[in-house]
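S.K.: Chain residues, written in single-letter form:
Number of protein chains: 2
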Amino acid sequence: MKFRVEAEETIFQGRIIRLVARDLVLPNGRRTTYHIVEHPGAVAIVPVHANGDVVLLKQFRPTIGSEIYEIPAGTIEKGEAPLATAKREIIEETGLRATRWSKIAEFYTAPGFCTELMHVYVAKGLRPASAEGDADEILRPVRMSLEAALRLIRAKKIRDAKTIAGLMIYHGRR
Amino acid sequence: MKFRVEAEETIFQGRIIRLVARDLVLPNGRRTTYHIVEHPGAVAIVPVHANGDVVLLKQFRPTIGSEIYEIPAGTIEKGEAPLATAKREIIEETGLRATRWSKIAEFYTAPGFCTELMHVYVAKGLRPASAEGDADEILRPVRMSLEAALRLIRAKKIRDAKTIAGLMIYHGRR
Numbered sequence: 001m002k003f004r005v006e007a008e009e010t011i012f013q014g015r016i017i018r019l020v021a022r023d024l025v026l027p028n029g030r031r032t033t034y035h036i037v038e039h040p041g042a043v044a045i046v047p048v049h050a051n052g053d054v055v056l057l058k059q060f061r062p063t064i065g066s067e068i069y070e071i072p073a074g075t076i077e078k079g080e081a082p083l084a085t086a087k088r089e090i091i092e093e094t095g096l097r098a099t100r101w102s103k104i105a106e107f108y109t110a111p112g113f114c115t116e117l118m119h120v121y122v123a124k125g126l127r128p129a130s131a132e133g134d135a136d137e138i139l140r141p142v143r144m145s146l147e148a149a150l151r152l153i154r155a156k157k158i159r160d161a162k163t164i165a166g167l168m169i170y171h172g173r174r
Numbered sequence: 001m002k003f004r005v006e007a008e009e010t011i012f013q014g015r016i017i018r019l020v021a022r023d024l025v026l027p028n029g030r031r032t033t034y035h036i037v038e039h040p041g042a043v044a045i046v047p048v049h050a051n052g053d054v055v056l057l058k059q060f061r062p063t064i065g066s067e068i069y070e071i072p073a074g075t076i077e078k079g080e081a082p083l084a085t086a087k088r089e090i091i092e093e094t095g096l097r098a099t100r101w102s103k104i105a106e107f108y109t110a111p112g113f114c115t116e117l118m119h120v121y122v123a124k125g126l127r128p129a130s131a132e133g134d135a136d137e138i139l140r141p142v143r144m145s146l147e148a149a150l151r152l153i154r155a156k157k158i159r160d161a162k163t164i165a166g167l168m169i170y171h172g173r174r
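Listed in order, the protein sequences are those of chains X and Z. Under my numbering, the first sequence has 134 at position 134, and the numbering climbs by one with no breaks. Under my numbering, the second sequence has 69 at position 69, and the numbering climbs by one with no breaks.
Pulled out of the complex, with its shape left as it was, chain X reads as follows:
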């Protein structure tokens, strides 16, 4: 495929996302302009306690103006390795530190228009840590059995793609 970018213009540069207009030549030879949300990538974490319980967050999302269930997650900072982001975010969001990490998935959240790549980890060996949350984040950790979390998915009460994918992939691997 001979896909190429012929020109690019930044429309907006924010703290996390950048909106760009790209003039492209598609692999079928067609020329088109595409608006793309560039995102630095993110991590999501399935924290698992020794008895098998998982930790979700009930998080208020200003984007949608309501509270939803999510697994802990966060944006990769400049120059940060994804696992370092995960180790930072689990403490900030759950007040827990983890000693055993394994990567279980990597996926795009919205490849139609956004470059965000999500790295998903399972975190075990959980211990309390002193957390300093982000003042703009409104969330509380909720501990439950994996079976309870899967029931919330079936009942359509978990409405976040990374959370559904992360929990179900973890469930399928146990």
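Quick caveat, the hints were computed from the structure, so don't treat them as lab data. A hint or two may mislead.
[Said to hold, decoys possible] The calculated lysine to aspartate or glutamate pairs, modelled on EDC-like cross-linking and capped at a C-alpha distance of 20 angstroms, are:
#1 K156(Z) - E106(X)
#2 K157(X) - E106(Z)
#3 K2(Z) - E132(X)
#4 K58(Z) - E106(X)
Please read these numbers as outputs of a predicted model, since none were measured by experiment.
Place chain Z on chain X using the hints.
M.R.: Chain Z only, in chain X's frame:
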């Protein structure tokens, strides 16, 4: 919670997405400005043949500059009901028409910064239909057993959140 939007400014209005800056009062009383990608919502479809095979797409995504596996999907057009979008997209993308539809999930793809809500359907009673694809879309349908699709997820070869969530929720409901 007394969340409210105090002001809003459109930074960019595209064909599908709109980038807005919103001055918000969060439920904890803090004031902040949030950049939000407004999206009209989308549908994704798990097409299931009579023998249990599913239909995925191998789709070239200009956003990420490569080809990935996805279930058929598309953006909801203005005034369109999600199920109507799904009935249109399955024909455009797979050349198949479906007679039996059921909704299995509804989730946000990236609630940290984007309003996109994805409606996921299972489509059965598949029959060939005459398709007129979108000239800017480069894709081909790939039929495989559900077990083969789940193996691709485990092997990390399916790297799209809605596809992983859609296939695994369908698998869990059978």
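S.K.: Each hint needs a verdict: does it hold in this structure or not?
M.R.: Comparing the hints with the structure gives:
no.	hint	result
1	K156(Z) - E106(X)	holds, 7 angstroms
2	K157(X) - E106(Z)	holds, 9 angstroms
3	K2(Z) - E132(X)	violated, 24 angstroms
4	K58(Z) - E106(X)	holds, 18 angstroms
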